[in-house]
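A.B. asks: Given next are the chains, with one letter for each unit.
Protein chains: 2
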Amino acid sequence: MALVACSQFSPVIGAVRDNVRRSLELIAAAASMGADVVVLPELASSGYVFADSAEAAAASEPADGFAVSAWRAAAVEHGIVIVAGFAETNPAGAPFNSAALVMPGAEPVIYRKAHLWDRERLVFTPGSDLPPVVDTPVGRIGVMICYDLEFPEWVRIAALGGAELICAPVNWPSVPRPTGERPGEVVRVQAEASMNRVAIAACDRSGRERGLEWSAASVMVDADGWPLALTDQAADTVRPGGGTAADPHPTGEAESAEPTGSDRADAPVTLLAEIDLAASRVKRIAEYSDVMADRRTDLYEHYSS
Amino acid sequence: MALVACSQFSPVIGAVRDNVRRSLELIAAAASMGADVVVLPELASSGYVFADSAEAAAASEPADGFAVSAWRAAAVEHGIVIVAGFAETNPAGAPFNSAALVMPGAEPVIYRKAHLWDRERLVFTPGSDLPPVVDTPVGRIGVMICYDLEFPEWVRIAALGGAELICAPVNWPSVPRPTGERPGEVVRVQAEASMNRVAIAACDRSGRERGLEWSAASVMVDADGWPLALTDQAADTVRPGGGTAADPHPTGEAESAEPTGSDRADAPVTLLAEIDLAASRVKRIAEYSDVMADRRTDLYEHYSS
Chain A
1 MALVACSQFS PVIGAVRDNV RRSLELIAAA ASMGADVVVL PELASSGYVF ADSAEAAAAS
61 EPADGFAVSA WRAAAVEHGI VIVAGFAETN PAGAPFNSAA LVMPGAEPVI YRKAHLWDRE
121 RLVFTPGSDL PPVVDTPVGR IGVMICYDLE FPEWVRIAAL GGAELICAPV NWPSVPRPTG
181 ERPGEVVRVQ AEASMNRVAI AACDRSGRER GLEWSAASVM VDADGWPLAL TDQAADTVRP
241 GGGTAADPHP TGEAESAEPT GSDRADAPVT LLAEIDLAAS RVKRIAEYSD VMADRRTDLY
301 EHYSS
Chain B
1 MALVACSQFS PVIGAVRDNV RRSLELIAAA ASMGADVVVL PELASSGYVF ADSAEAAAAS
61 EPADGFAVSA WRAAAVEHGI VIVAGFAETN PAGAPFNSAA LVMPGAEPVI YRKAHLWDRE
121 RLVFTPGSDL PPVVDTPVGR IGVMICYDLE FPEWVRIAAL GGAELICAPV NWPSVPRPTG
181 ERPGEVVRVQ AEASMNRVAI AACDRSGRER GLEWSAASVM VDADGWPLAL TDQAADTVRP
241 GGGTAADPHP TGEAESAEPT GSDRADAPVT LLAEIDLAAS RVKRIAEYSD VMADRRTDLY
301 EHYSS
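Listed in order, the protein sequences are those of chains A and B. Residue numbers for the first sequence follow full-length UniProt numbering, so the first one is 1 and each next one is one higher. Residue numbers for the second sequence follow full-length UniProt numbering, so the first one is 1 and each next one is one higher.
Source of the hints: derived by calculation from the structure; they are not laboratory data. Fair warning: there could be bad hints in the mix.
As the list claims (entries may be wrong) - Some chain A residues close to chain B (C-beta under 10 Å, calculated; not the full set):
hint, residue
1, 140
2, 181
3, 289
To be verified - Pairwise CB distance ranges, derived in the manner of DEER restraints:
hint, chain 1, residue 1, chain 2, residue 2, range
4, A, 119, B, 281, 36 to 46 Å
5, B, 32, A, 264, 20 to 30 Å
6, B, 179, A, 137, 30 to 40 Å
7, A, 137, B, 54, 45 to 55 Å
8, B, 17, A, 293, 49 to 59 Å
9, A, 293, B, 281, 26 to 36 Å
10, A, 66, B, 284, 53 to 63 Å
11, A, 119, B, 92, 47 to 57 Å
12, B, 274, A, 106, 30 to 40 Å
13, B, 284, A, 129, 21 to 31 Å
14, A, 14, B, 274, 44 to 54 Å
15, B, 54, A, 282, 24 to 34 Å
16, A, 178, B, 284, 17 to 27 Å
17, B, 292, A, 282, 31 to 41 Å
Only a predicted model underlies this, so the values are computations on that prediction, with no experimental measurement involved. For every residue, glycine included, the Cβ atom is placed at its ideal position computed from N, Cα and C.
One chain only, chain A, in its complex shape:
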């Protein structure tokens, strides 16, 4: 069992030092509550809504820069694993949308987001490596970022690679959905977890940035896909921006009410859940059924076409 924290907060675009300092406070708070693993949002150090790659590059750092070095020091200080998103300098061009896994006694493992969402492709360079699966003191942790989770191929690759827990920094934009429904991203995390028997911790961001309202829908699910911890926004009891699920105008109300609203930081939320990583090693779900052994790999040849 590992105590996993998602430390959801509202990074301020471009304010790398301030964002990292804020994240260190949240890491320390989670560690003081006994967390073995702390997950931070995508682009936690840099913010998200960059105008172009030049602006993103100005908020990017190499893997030995301030952000990852600070997280690494925090991991050593607290004796924990940290997975956090940052804008990574790319000497060859536009920066990467990356995540670092840091822990005591090991070099940082850097993953570069392979599936870039929407306008990210105008700002970032996509990664070209598979999601890493890292042996840590609490078990085998896979790392991917946000939109990566929406590709069942990617989660499968991590699960086949032995991931027992996928730590996913995310920035989920708030989009309209029917009343009473969880965000689609939460539903997909549940399903991906259960189809692969791998726990998933997705740490979202909150607030509003350059007109974009974030979902604030951090969620942790077990290897059966059942939520272990989720924010009110992920549970559909509260809508981003403060509306409730019972609002008569349930979809996109926060954005439409104030479409040109100024940036807004929300109070941070730390989710905590005891996650049984060993359960992810059990792929059997019935006397004769096993989610991996039952794959018809003999028939999937057309799959990657």
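Could you slot chain B onto chain A? The hints should help.
C.D. replies: Coordinates of chain B only, in the frame set by chain A:
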């Protein structure tokens, strides 16, 4: 737009003629309500909990047998598409767990379940063909059966093959789950639909058969994965066997209350939903994002290993 019906009922094991006659009544009722497509449960003609393959073989028929012929005649009579599960005779050994798609002016299309669930492998022969995608008057319909849906590879193959609506006969056994949660199968149908932008109609069965309580959780979702129609059991407002979601012992209560209970047929339920099949052809989900074009097929080579 197509009006799609899921005609959920409780087949009686081995009673092929009676089950088919019952299904014809439900098909006629759905057609009278204007249905363009009617989906019936997995093994609708035969029932499910066979002791062995010999017993299943006794309830099996070839693709030109009574069941498929009757459904074909009904499709012609009503001018509709029908997708229904049946036990299919296999001259070479154990029968197949199959589904037929029948419509006017075309030969039946037969699909044999490729991913056999649990003890099915002791009873049936697995299929060895990909899920068919059939041009019908209402659009392109893919066919798969129950546990097939749990393999993202399989849904992806159907979606890449052009399926706009996946019609899936299912028999979902009732298993414990947390209070307030939909059945995991429903969550996975929602997620698979949204990740592929394909509508899905899953027609479950109801009742109890040889001690096995069925979920009765038929559901239809649009290409965004949002439910268009779902039974009370799929929505988690009622548990199989009649308990409500507010029961203090929410998981498996029906089975534990009467573990050796006799077979039980429940009243049939017909779900109806207008499904926009054209929406499934739109894979774009943001200005620059497309669920298919964004796949990193250059990196998925390890996927089918």
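A.B. asks: For every hint, state whether the structure bears it out.
C.D. replies: Evaluation of the provided hints:
| no. | hint | in the structure |
| --- | --- | --- |
| 1 | 140 | violated, 17 Å |
| 2 | 181 | holds, 6 Å |
| 3 | 289 | holds, 5 Å |
| 4 | 119(A) <-> 281(B): 36 to 46 Å | violated, 24 Å |
| 5 | 32(B) <-> 264(A): 20 to 30 Å | violated, 54 Å |
| 6 | 179(B) <-> 137(A): 30 to 40 Å | holds, 34 Å |
| 7 | 137(A) <-> 54(B): 45 to 55 Å | holds, 53 Å |
| 8 | 17(B) <-> 293(A): 49 to 59 Å | violated, 38 Å |
| 9 | 293(A) <-> 281(B): 26 to 36 Å | holds, 35 Å |
| 10 | 66(A) <-> 284(B): 53 to 63 Å | violated, 38 Å |
| 11 | 119(A) <-> 92(B): 47 to 57 Å | holds, 55 Å |
| 12 | 274(B) <-> 106(A): 30 to 40 Å | violated, 55 Å |
| 13 | 284(B) <-> 129(A): 21 to 31 Å | holds, 27 Å |
| 14 | 14(A) <-> 274(B): 44 to 54 Å | holds, 47 Å |
| 15 | 54(B) <-> 282(A): 24 to 34 Å | holds, 33 Å |
| 16 | 178(A) <-> 284(B): 17 to 27 Å | holds, 21 Å |
| 17 | 292(B) <-> 282(A): 31 to 41 Å | holds, 33 Å |
Checked against the numbered hints given earlier, the structure breaks hints 1, 4, 5, 8, 10 and 12 and satisfies all the rest.
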